[in-house]
Each structure stands twice: as structure tokens, then as C-alpha cells.
Amino acid sequence: MSAVVSPDMSTDEAIRCERITKHYGSRTVLRRVNLEVTRGTVLGLIGRNGAGKTTLIRTLLGLEQADEGRAFVFGEPSLSLSDATKQRIGYVPQQPDAFDWMRIGDMLEFVGRQYPQWDGEFVDLSLSRWQISADRRLASLSPGERQRVALIRALAVNPNLLVLDEPASALDPVARRDLLQEIVARAAESGTTIFFSTHIVSDLERIASRIVFLHDHRIVVDAALDDLSETHARLTMPSEPTGVAARPIPGEISRRRHSDGSVTLVIARAPGSDWPEAAAAPGVHLDALHLEDLFIEVAR
Amino acid sequence: MKADRLTILPGATEPIYRQIGSQLRRLIASGQLPPGEELPSVRDVAIQHAVNPMTVSRAYCQLEAEGLLTRLRGKGMVVARGAHAVVSPEQRLARLQSQLADIARQARELDIPARLVVQRLKSLLEDSE
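Which chain is which? The protein sequence lines are R and C, in order.
Reading the first sequence from the start, the letters are residues 4 to 303 in the working numbering.
Reading the second sequence from the start, the letters are residues 199 to 327 in the working numbering.
Treat the hints loosely; a few may be bogus.
Claimed, not checked - Restricting the straight-line Cα-Cα distance to at most 25 angstroms, the calculated cross-link-like pairs of lysine to aspartate or glutamate (DMTMM-like) are:
| hint | chain 1 | residue 1 | chain 2 | residue 2 |
| --- | --- | --- | --- | --- |
| 1 | R | K89 | R | D127 |
| 2 | C | K200 | R | D127 |
| 3 | C | K200 | R | E185 |
| 4 | C | K200 | R | E192 |
| 5 | R | K89 | R | E16 |
| 6 | C | K273 | C | E324 |
| 7 | C | K273 | R | E192 |
If you are wondering where the hints come from, they were derived from the structure by calculation, not from laboratory data.
Given only the sequences and the hints, what does the whole structure look like? Please build it.
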């Protein structure tokens, strides 16, 4: 077994991308996306189906090449990651489908041999906790079981960066809670950086320290979750004659005009600063938003 | 104190760190968490409730800054010696004033007779006993 060269852990940065643009044919999937994730962050990526979440993840990991812009993991260009860095990444794709013909036990053993830090004990414990027999072939598993095996495989590496694309989509509520607790334990005990996409807003609200909201191929919200209800709000404006809704409002993220002429806006402010003047105009109503409202208001 | 004593509601407008902080303040004010009582570790609360550890530690730090909690070496967080219970029930009730006023206002908007609101509140209070 060869010695592992640790990736550069002096940098505080786990992931960075600059002006990532990606098209599939004539369709734009990502438009000049910038993102910087410091180590130890639990980042939740939300967005509607087709918003570009999977493409962003795959580009960050170097599994897909951007048309423009660059991505880095632990300071290395994503498209040319060293083996040492690759070994520190655990990734669970949305639909794990590799090694279909293998038995679970054989697959995990085969994969484990490529990782010096592989935690075989964790694998055995997890398989029995989730009641999955190592003798079964991967092709025979249900989507939920398949997802669990992929999670075990990713976690057994003891990754410094764990990337999960819709990890809970096929899991029942009990398995989902197990997974969330496992993620929290990794973050608390090892300072693992976790990057996960989901549209289960309540999961994200529990475990994320930061949320990034992808909409219309770009990042529309990037905020510390604890501050979200202080930094984001909904403004409801009556129809004229106030006139305040005529021009864009500072910090405006989205706007929706109703049939009666009234307007609903989502606005953001920096932590500790004031809401824009328009929020205090007569007839204007400002209310706090929690994540689910924000998601629906912006994505509608 | 055990970690499962806390109730955490994702989806509420109140951020989770504030939910934790205000529950602890109430339990300290009522004397249910007396001075010297050990709090569960950040890790225990985080894993038990599947919430981000930084969220828990933010709540603890805030209460520490308010003088309600003290960090003891080797023991973690305990309720501070100076954190006395708020003696009279009236004083403790004052802490619910804004929530009660809000319920009253909403009940008027919904045109619900006071008797029904009081009845429901009473049964909710008795349920959890």
C-alpha cells in the first residue's frame, strides 16, 4: 500500500468556482456562477428540478467540463485533481448505477482496496444497521437501498469533502433521519465539509450552515442559514398610487405582480443593515420569510 | 439536562439557534435548570436533533454572553451561578405577553369567542403535563 500524500490542507478553502458557464446545445444550464466554500461548511444547495444543481456539482468535481470559468477543490483545478485529493472526496450521485453486476460485499471490498483510509468496520456496521445483506447484487436493490449503499461507500472513505446529490430522494423518513444524524456527526467530529443538494427544505433547515439557491441558472440567494430570517423578507405592496413598486428596490431578488395590481417582492439586506426605504412606505407590508416561503416565492 | 428535552421545529420563522436559546432562557427562568446544571454537549444536541453543530454552539455562546451559562473546564456548559430563577409566576408570565397578545389579536381576527380560546389553551397546557 502506498503512502497517502495529504492534499493541501493549509488552505481554508474546500471548493471554489469562478464564472462557471455551461450550455447543453443551445440551452444554458449555468450562467457565470461564482462560489467559495470554506472548510467545515455544511452547504445546502436548493433549486427546482432543472435549475442546474447536478451540473454545478459535477462541474465542481471535474466530472464535467465548463464552457467557461474554472473550478477548484482544495486548491487544485477540478479537471486535474491529484489522486490524493480524489481520495479525500466522497461523492454520491443522484442515481448511483456503477458496478451493477457485482455483489454489494465484493463491490465495497474492491472500492475499499483503493483507499488506504477505508473504514471496513463502519461498512459492516452500516450494512447491518440498514439491514442490507452483502451477498445481494447491486442490480437487485431498490432505489432506496441503492442510495444507502452509495452513502456507505462514500462515508467509509472518511472524506474531507462529502458531496451528496439529492441524497435523501429515495430514502424513507427513518433512513433520512439516520443520514442527517450521520452528516451532523461528521461535521461535528471531523470538521468534514459537506455539500448537498436537496429540495427537502426542512432537512436543509436542520443541518445546513449556509444555503445557496440556484434559480434561472444563477445563484440568487447565498446566505448563512441562521441569519436568513433577518436578511431576507417579503414585501407586499398595494397597487398604485404609492408608486414605490415602479422602480427596482435595492436588494430585490424576485417580484411577482398579482391580478389586482399589487406586487410581492423578496428582498435581501446585509446582516445588520436597514431595509430599503420602500419597506416603510404607506401601505407596504414587510414580513419575515422562512426558507420554504423564500423558495416558493422566488422559484414561482 | 438531556438533549431530548429541547424541541426544535424546522420550518418556523424563528431560526433554530434562537429556538434553542429561548427555550433554555425559559427553563432557567423557571428554575427547572438550576445553577450548576450541566447542559448537553454541542455534539449531543446536534446529533440528537440532526441540526448543525454551529447552530447549537451559537445559541450556547449567546447565553454565555448574557451571563446565563458558564463554560467549565472539562465539564462543558453549565447554568451560571448568578442565573437565578424568576421568582413569581406573574414575572414569568410577562415573558409570554407578546405571544399571548398575538394570539388574542388573531383570535379576534378569526372572530373566535374568548371562551373557546381559553378552553383550547387550557387543554394544551394540561396535555403536556
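Here is how each hint holds up against the structure:
Of the pairs offered as hints, the one joining K89 (chain R) and D127 (chain R) holds, with about 23 angstroms between alpha carbons and a cut-off of 25 angstroms not exceeded. Between K200 (chain C) and D127 (chain R), the direct Cα distance comes to roughly 30 angstroms. Violation of the 25 angstroms bound is thereby established for this hinted pair. For the suggested pair K200 (chain C) and E185 (chain R), the alpha carbons sit about 20 angstroms apart, so the restraint of at most 25 angstroms is met. Using a Cα cut-off of 25 angstroms, the hinted pair K200 (chain C) and E192 (chain R) holds, with the two alpha carbons roughly 20 angstroms apart.
For the proposed pair K89 (chain R) and E16 (chain R), the alpha carbon gap of about 16 angstroms is at most 25 angstroms, so the pair holds. Simply put, K273 (chain C) and E324 (chain C) have alpha-carbon atoms about 35 angstroms apart, too far for the 25 angstroms limit, and the pair is violated. Between the alpha carbons of K273 (chain C) and E192 (chain R) the distance comes to roughly 18 angstroms, so the proposed pair stays at or under 25 angstroms and holds.
Checked against the numbered hints above, the structure violates hints 2 and 6; every other hint is satisfied.
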